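The opening position of the sequence shown corresponds to residue 17 in the working numbering, with each subsequent residue numbered one higher.
It cannot be assumed that every hint is accurate.
[Unchecked claim] Label pairs and their in silico Cβ distance ranges:
1) Gly244 - Asn58: 44 to 52 Å
2) Asn210 - Thr41: 38 to 46 Å
3) Thr39 - Asp261: 34 to 42 Å
4) Thr41 - Ala109: 18 to 26 Å
5) Pro280 - Ala47: 40 to 48 Å
Calculated directly from the structure, the hints in this document are not laboratory data. Fair warning: this is a prediction, and the values are worked out from it, not measured in the lab. Don't be surprised by glycine CBs; every beta carbon is placed ideally from N, CA and C.
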Amino acid sequence: MKTLNTVILFSAVAVGSASAALTTTTTFDGAGSLVGVANWDNGLPTNANPGLVAVTSGSTWTTNVWTDMAIRQTGGTVGGAGSATMNMRGGAALSGNKTIYEIEDVANSAFGYKNLEVSGQLTMWNQNGEGQELSLLAGYATVGSLNAISSAATSTINIGDGKLDIGIVTTLGGKFSINMLAGGTGEMVIGDRNEAALNAMRLDFETGNVGSITLSSNLGASADGYWGFFVEQGWASIGGVVVTDLAQFNIVNDGFATTISAIPELIPEPGTYALLAGCFALASVMVRRRR
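Work the whole structure out from these sequences, hints included.
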């Protein structure tokens, strides 16, 4: 009975938690800085006026500081001389708006090209109290180093069917959350971490996700054992519910690298929830009749 109750709780928490696509109202012209007003047909992209990057025809770059930006990329490549660093600093103070960068390039399912390339450091800093979100719904992005310095509650990385490669997580830069989105197949690869980086990270596998996260090395040595430590600390969850039982995860070691994913059977599809709920109701009726 405890198992059934747990499964129903997973369903209640997980449903509706996937990242929704931005509805865009301004479009990038294909080249230049993403924060150059002249490069958009209807003004700069903000939460009130989300921007679409559908194609790129020349050198395109992120520039440095982003505040109250909302961009959806469905094609092209962003990365150039101005993309050595990228600072996501949340929305304007008291606005309730995050800074959002969303990539969903379904034509890049084989990860043959980089939709976003930040060769240096990506900083996720909750400067104004509002937070930031990077989503790889489909497509491929690479980041030299990640410096997430606020909290897991305000800096979020969503992985759907896309792939994100991060070279290293900096010393104090592991304060972020990873949502492996419902039904997703994507992956995230972290090359290494500095000192205690990642110990402030939080990880959730949503309903039906069969994606994975790989730590290629741990402080320059083998990462074998790190995910076991991570799970046992209560830093991982399935469907929003903290899980410390290693048997509910698939952890594979390969050389220095270690990869974690959720065991698919432990994240039932929505139809399974309905069947289990029906069986539970029927069993309850039968017990009452016997009494």
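Comparing the hints with the structure gives:
1. Gly244 - Asn58: 44 to 52 Å: Given a distance of about 50 Å, which is inside 44 to 52 Å, the answer is holds.
2. Asn210 - Thr41: 38 to 46 Å: Since Asn210 and Thr41 have Cβ atoms about 40 Å apart, the given range 38 to 46 Å holds.
3. Thr39 - Asp261: 34 to 42 Å: Once the Cβ atoms are compared, 40 Å apart, the range 34 to 42 Å for Asp261 and Thr39 holds.
4. Thr41 - Ala109: 18 to 26 Å: holds, 24 Å
5. Pro280 - Ala47: 40 to 48 Å: holds, 43 Å
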